[in-house]
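**Q** What follows is each chain in one-letter form.
Protein chains: 2
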Amino acid sequence: MKTYNETMYGLGSKRSTIREIFEYAKLRSTEIGKENVFDFSIGNPSVPAPKAVNEAIEKILKETPPVELHGYTSAQGGKDVRERIAANYLKRFGVELSADDLYMTCGAAASLTITFKALTNVGDEFITFAPFFPEYKVFVENAGGKLTVLPSDATTLLPDFKALERGLTPSVKGVLINSPNNPSGVVYGENTVQTLAALLKKKSEEFGKPIYLISDEPYRELVYDADTTVPCVMKYYEDSIVCYSYSKSLSLPGERIGYVAVNPQASERTGVYAAICGAGRSLGFVCAPALFQRVAAECDGMTSDLSVYKRNRDLLYKGLTDLGFTCVYPDGAFYLFLKAAGGDAVEFCARAKKYELLLVNGEDFGCKDWVRVAYCVPTEQIERALPLFQKLAEEYKRI
Amino acid sequence: MKTYNETMYGLGSKRSTIREIFEYAKLRSTEIGKENVFDFSIGNPSVPAPKAVNEAIEKILKETPPVELHGYTSAQGGKDVRERIAANYLKRFGVELSADDLYMTCGAAASLTITFKALTNVGDEFITFAPFFPEYKVFVENAGGKLTVLPSDATTLLPDFKALERGLTPSVKGVLINSPNNPSGVVYGENTVQTLAALLKKKSEEFGKPIYLISDEPYRELVYDADTTVPCVMKYYEDSIVCYSYSKSLSLPGERIGYVAVNPQASERTGVYAAICGAGRSLGFVCAPALFQRVAAECDGMTSDLSVYKRNRDLLYKGLTDLGFTCVYPDGAFYLFLKAAGGDAVEFCARAKKYELLLVNGEDFGCKDWVRVAYCVPTEQIERALPLFQKLAEEYKRI
Numbered sequence: 001m002k003t004y005n006e007t008m009y010g011l012g013s014k015r016s017t018i019r020e021i022f023e024y025a026k027l028r029s030t031e032i033g034k035e036n037v038f039d040f041s042i043g044n045p046s047v048p049a050p051k052a053v054n055e056a057i058e059k060i061l062k063e064t065p066p067v068e069l070h071g072y073t074s075a076q077g078g079k080d081v082r083e084r085i086a087a088n089y090l091k092r093f094g095v096e097l098s099a100d101d102l103y104m105t106c107g108a109a110a111s112l113t114i115t116f117k118a119l120t121n122v123g124d125e126f127i128t129f130a131p132f133f134p135e136y137k138v139f140v141e142n143a144g145g146k147l148t149v150l151p152s153d154a155t156t157l158l159p160d161f162k163a164l165e166r167g168l169t170p171s172v173k174g175v176l177i178n179s180p181n182n183p184s185g186v187v188y189g190e191n192t193v194q195t196l197a198a199l200l201k202k203k204s205e206e207f208g209k210p211i212y213l214i215s216d217e218p219y220r221e222l223v224y225d226a227d228t229t230v231p232c233v234m235k236y237y238e239d240s241i242v243c244y245s246y247s248k249s250l251s252l253p254g255e256r257i258g259y260v261a262v263n264p265q266a267s268e269r270t271g272v273y274a275a276i277c278g279a280g281r282s283l284g285f286v287c288a289p290a291l292f293q294r295v296a297a298e299c300d301g302m303t304s305d306l307s308v309y310k311r312n313r314d315l316l317y318k319g320l321t322d323l324g325f326t327c328v329y330p331d332g333a334f335y336l337f338l339k340a341a342g343g344d345a346v347e348f349c350a351r352a353k354k355y356e357l358l359l360v361n362g363e364d365f366g367c368k369d370w371v372r373v374a375y376c377v378p379t380e381q382i383e384r385a386l387p388l389f390q391k392l393a394e395e396y397k398r399i
Numbered sequence: 001m002k003t004y005n006e007t008m009y010g011l012g013s014k015r016s017t018i019r020e021i022f023e024y025a026k027l028r029s030t031e032i033g034k035e036n037v038f039d040f041s042i043g044n045p046s047v048p049a050p051k052a053v054n055e056a057i058e059k060i061l062k063e064t065p066p067v068e069l070h071g072y073t074s075a076q077g078g079k080d081v082r083e084r085i086a087a088n089y090l091k092r093f094g095v096e097l098s099a100d101d102l103y104m105t106c107g108a109a110a111s112l113t114i115t116f117k118a119l120t121n122v123g124d125e126f127i128t129f130a131p132f133f134p135e136y137k138v139f140v141e142n143a144g145g146k147l148t149v150l151p152s153d154a155t156t157l158l159p160d161f162k163a164l165e166r167g168l169t170p171s172v173k174g175v176l177i178n179s180p181n182n183p184s185g186v187v188y189g190e191n192t193v194q195t196l197a198a199l200l201k202k203k204s205e206e207f208g209k210p211i212y213l214i215s216d217e218p219y220r221e222l223v224y225d226a227d228t229t230v231p232c233v234m235k236y237y238e239d240s241i242v243c244y245s246y247s248k249s250l251s252l253p254g255e256r257i258g259y260v261a262v263n264p265q266a267s268e269r270t271g272v273y274a275a276i277c278g279a280g281r282s283l284g285f286v287c288a289p290a291l292f293q294r295v296a297a298e299c300d301g302m303t304s305d306l307s308v309y310k311r312n313r314d315l316l317y318k319g320l321t322d323l324g325f326t327c328v329y330p331d332g333a334f335y336l337f338l339k340a341a342g343g344d345a346v347e348f349c350a351r352a353k354k355y356e357l358l359l360v361n362g363e364d365f366g367c368k369d370w371v372r373v374a375y376c377v378p379t380e381q382i383e384r385a386l387p388l389f390q391k392l393a394e395e396y397k398r399i
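Respectively, the protein sequence lines represent chains A and B.
Quick note on numbering: our numbering labels position 286 of the first sequence as 286, and the sequence is numbered without any gaps.
Quick note on numbering: our numbering labels position 47 of the second sequence as 47, and the sequence is numbered without any gaps.
Hints in this document: simulated from the structure, not taken from any laboratory.
Treat the hints loosely; a few may be bogus.
No copy is singled out in the list; a pair is fine if it fits within one copy or between any two copies.
With a straight-line cut-off of 20 Å between C-alpha atoms, the simulated SDA-like cross-links for lysine to any residue are [as the list claims (entries may be wrong)]:
hint: 1; residue 1: Lys318; residue 2: Glu298
hint: 2; residue 1: Lys2; residue 2: Glu205
hint: 3; residue 1: Lys2; residue 2: Gln265
hint: 4; residue 1: Lys354; residue 2: Glu394
hint: 5; residue 1: Lys203; residue 2: Glu63
hint: 6; residue 1: Lys310; residue 2: Cys327
hint: 7; residue 1: Lys14; residue 2: Arg269
hint: 8; residue 1: Lys26; residue 2: Ile42
hint: 9; residue 1: Lys91; residue 2: Pro231
hint: 10; residue 1: Lys2; residue 2: Lys353
Note that this is a predicted model, so its numbers are computed, not measured.
Just chain A, same shape as in the assembly (with noise of 0.2 Å):
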C-alpha cells in the first residue's frame, strides 16, 4: 500500500523528455566535450539579466527601511508595486488597469495554478491548441479540471477555428493561448486574436455566461520584427484574465516573479479576483516574493538583449530552410519548430543524436511530427550545428 499520494508521485518520478536530454547532454559532454555536444534541448535564458535588474537590487537594499525591505507584502502584491506596473499596463498597452486588478504571483506556473484553481469547479473543461507547453495540462488537473487539446492549423500553427467553435460546449470554462508561443515561436496577430474573441464572444452569449479567455505572456515581449506585434487580449476580449511572468523578458526565471492581471471589464470581475486572492491562499502563494516586486515594479517593461536572439533565430531559420527543411517562421519566443523530415518526430531526433544534435521531439507538446529546436544558445552553437544540420538533411535524401 502507497502511504502518499500516486499522482503526485507519478508526477515527481517520472522524468521530462526535455530533461532526459539535459542529463544525456551533459553525460555526452564528458565523453566528447562539451563543444562537440550541440544541446538544443533547454528553454532558458541564455543571456544575463539587464544591468537594470542588480542596479535596482542594490537601490532597493540601499533605500528600503530594514524592516521593510525583506517583510511581507499584502497578500495580493505590495500597492506601490502593483500600481506601478498598472500605469505602465496603461502606456504600454492603452488598458487602465488598476492595482487591484493584478494579483503578484511567484512565477508563471504560479500565474496559472492560482488562474486555473480559481475559476474550476471540478470536471470544468479547459481548451488548448497543439502544440502546447505540456504542464499546462499537470496545472488544470491540480485544479480539478479537464484539458483538451484541439489541433492548429497543420501550416501555420494558428488555432483552427473549426475545431474550437465544435469544441465550445457549455462545460468549457475558458480557452488559454500561449503567444509567442512555447514550442513553435508563432505569434497570434491581430486578425487570430479577433476571430478568437469574436467566436469566444458569441457562445458566451449562446450559453448565457462567460467563457475566459486565460492568455499565458511570458514570452510576451520576444518577437524580433519590426512589423510583429503582441496584441494585448484585453483589448479585444473582456472575459480575458493574463498570466504573466518575468523569466524571459528580463533572464530571472530563477527568482519567481510575475503576476496575474484580471481584465478590468472582465463580466464578474470582482469575483474573479477575489477567488484569484482565494487561490493563492489555498496553494500557499499570498505575498510573492518581496525583494523581486520591487525589482519587477523598477523593471517592467525593460528587457535583457534580445539582440541575440535575433541573430540566432535569423541564422537558423535562414540555414534550416536552406537546407530543405520545413519550418514555421518563429516570430517570437526563442524556439524554432521544425517538421520531422520522414514524418517520424521521434525516429528524427534520434538520427539527429548521431550528429550529436540534440532536439525535442514534439509527441509532448501534442505535436508527433514536429520537432523543438531552442535557439537560447550561444550563436557560435549554431554555426558549428548548422553543417551537421546539413548531414542530417543529406542522409534523410538517401532514405
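For this one, chain A is given, so just place chain B on it according to the hints.
**A** The following block gives chain B in isolation, referenced to the frame of chain A:
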C-alpha cells in the same frame, strides 16, 4: 450563476480577524495618533534581518556568473544549497540528511501545501491540536484532506494524549504539530515529543501503515531561555517530515524561502520525496527563489537579533501575571496566550479595545477563552500598554 470557484471566492473575500484588526488600527491611528494605538495583532518580525543577509546578497550578486545568478536551479532547489543545509542540519541536530531529502520551497505556506498534496488521497484525515494556525485547515483541504482539531491540556496547552489516542484511527494520514507554537508560544519538550512518537509508532504498527508526523517549524530558533530546546523530531520518530521557513529566524517573511525535509529513516522515504517533487510541480512551485536559496545556504542557523523578543516576552509576561492575568509561559515564538478574564474572549477583546489595546481573540485558533498577544513590537509599546492592561484588569475586578 457564479463562473468561478466559490470556495476560492470565499477564501479571498473574507477578511481574517487579524486583518480586520490591522485595518482598524490604521484607521484608529489617523484618529488619535499612532502612539496611542497598541496593536498586538500582527505576527510579523519587528527586528530587521541580520546584516549577514544583505552581505550575502551583495556577495552572491558579485560572485555568481551572470546567467546563473538569476537562472533556474533544479526543481527541488540548487544541489549545492541543499548540500550545505544538509551538512548544517547534521551539525546542529545530529541528523544526517542528504541533498535528496530536502526540497527548497517558497516559504512556510508552500512547505505545508506541498507536503499535504504529496501525502493526501481524497478523504484522508490529518490531526492537529488547538490552539492552531488557522491556515492549516485551508492547506489540508486544498489537498483534498480533512483537518481534525483535538484539544490540548487546558493548563499547559500541550497535546491531550488521551484525545489523540482516541482520535488515531486508520483514516488518519498524519499528525501536524507546531512548536514553538503560534498562537500559544508553547514549546513541546523532549518528553512530549517522546510520548507523541511512542503513540504514533504503536498506532502505525497496529494499522500496518505509517502515520506521518508533520512538524511545522518556522519558529524553531525563537526560544529565549537557556534551558529551552526545541527537540528535532527526526531523532524521535522515523516517519516525520519537517516544514521549515526562514521567515521568522532571519526576519525575511517577504522573501518566501524555506524547505521540506523528509526523514531519511522514513519507511517510504523515496516515494514520499518523489511525491513532494510531484506536488511542487502540480502546485506550480518548482525552483524556489534562486537568490534567496543561496542566501539561505549562507545564513542557515543564524538569527536576527532575538534579544528584543526576549526582553518583550519577559516584560509582558511579568507585567500581565503581576496584574493577575493567567498566561501560559511563552517559551518561544513571539506570542503570549492570555486566558480571557470572564471566560469570553470576544468580550475581553472588545473591552481591551476601549483602552486601545488590540488583541486577537482565540476563536480562529480553536480556543474561545484565550487571547493572543503578539509581542513582536517596540518594547516601548509594551511599557506604555501595561498601565492600560491594569485598567482592564481593574474593570474585570469590578464585574
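**Q** Can you tell me if Lys14 and Arg269 fall within 20 Å by alpha carbon in one copy, between copies, both or neither?
**A** This pair counts as between: shortest inter-copy Cα distance 17 Å, intra-copy 39 Å.
**Q** When Cα atoms must be at most 20 Å apart, do Lys310 and Cys327 count as within-copy, between-copy, both, or neither?
**A** within (16 Å within a copy, 67 Å between copies)
**Q** Treating 20 Å as the Cα threshold, decide for Lys26 and Ile42: within, between, both or neither.
**A** Classified as within; 12 Å inside a copy, 49 Å across copies.
**Q** At most 20 Å between CA atoms: does that hold for Lys203 and Glu63 within a copy, between copies, both, or neither?
**A** neither (51 Å within a copy, 55 Å between copies)
**Q** Taking 20 Å as the upper bound on the Cα-Cα distance, should Lys354 and Glu394 be classified as within, between, both, or neither?
**A** So Lys354 and Glu394 pass the 20 Å test inside one copy only (14 Å; across, 87 Å).
**Q** Using 20 Å as the alpha carbon limit, work out where Lys91 and Pro231 are close: within a copy, between copies, both or neither.
**A** Within one copy, since 14 Å is at most 20 Å while 55 Å is not.
**Q** Is it within a copy, between copies, both, or neither that the alpha carbon of Lys2 lies no farther than 20 Å from that of Glu205?
**A** between (47 Å within a copy, 15 Å between copies)
**Q** Is the C-alpha distance from Lys2 to Gln265 at most 20 Å within one copy, between copies, in both cases, or in neither?
**A** Intra 47 Å, inter 16 Å, cutoff 20 Å: inter-copy only.
**Q** Using 20 Å as the alpha-carbon threshold, which applies to Lys2 and Lys353: within, between, both, or neither?
**A** Neither way: Lys2 and Lys353 sit 38 Å apart in one copy and 51 Å across, limit 20 Å.
**Q** How would you classify Lys318 and Glu298 at a CA-CA limit of 20 Å: within, between, both, or neither?
**A** So Lys318 and Glu298 fail the 20 Å test inside a copy (37 Å) and across (47 Å) alike.
Figure legend: structure checked against the earlier numbered hints; hints not met, in rising order: 1, 5 and 10.
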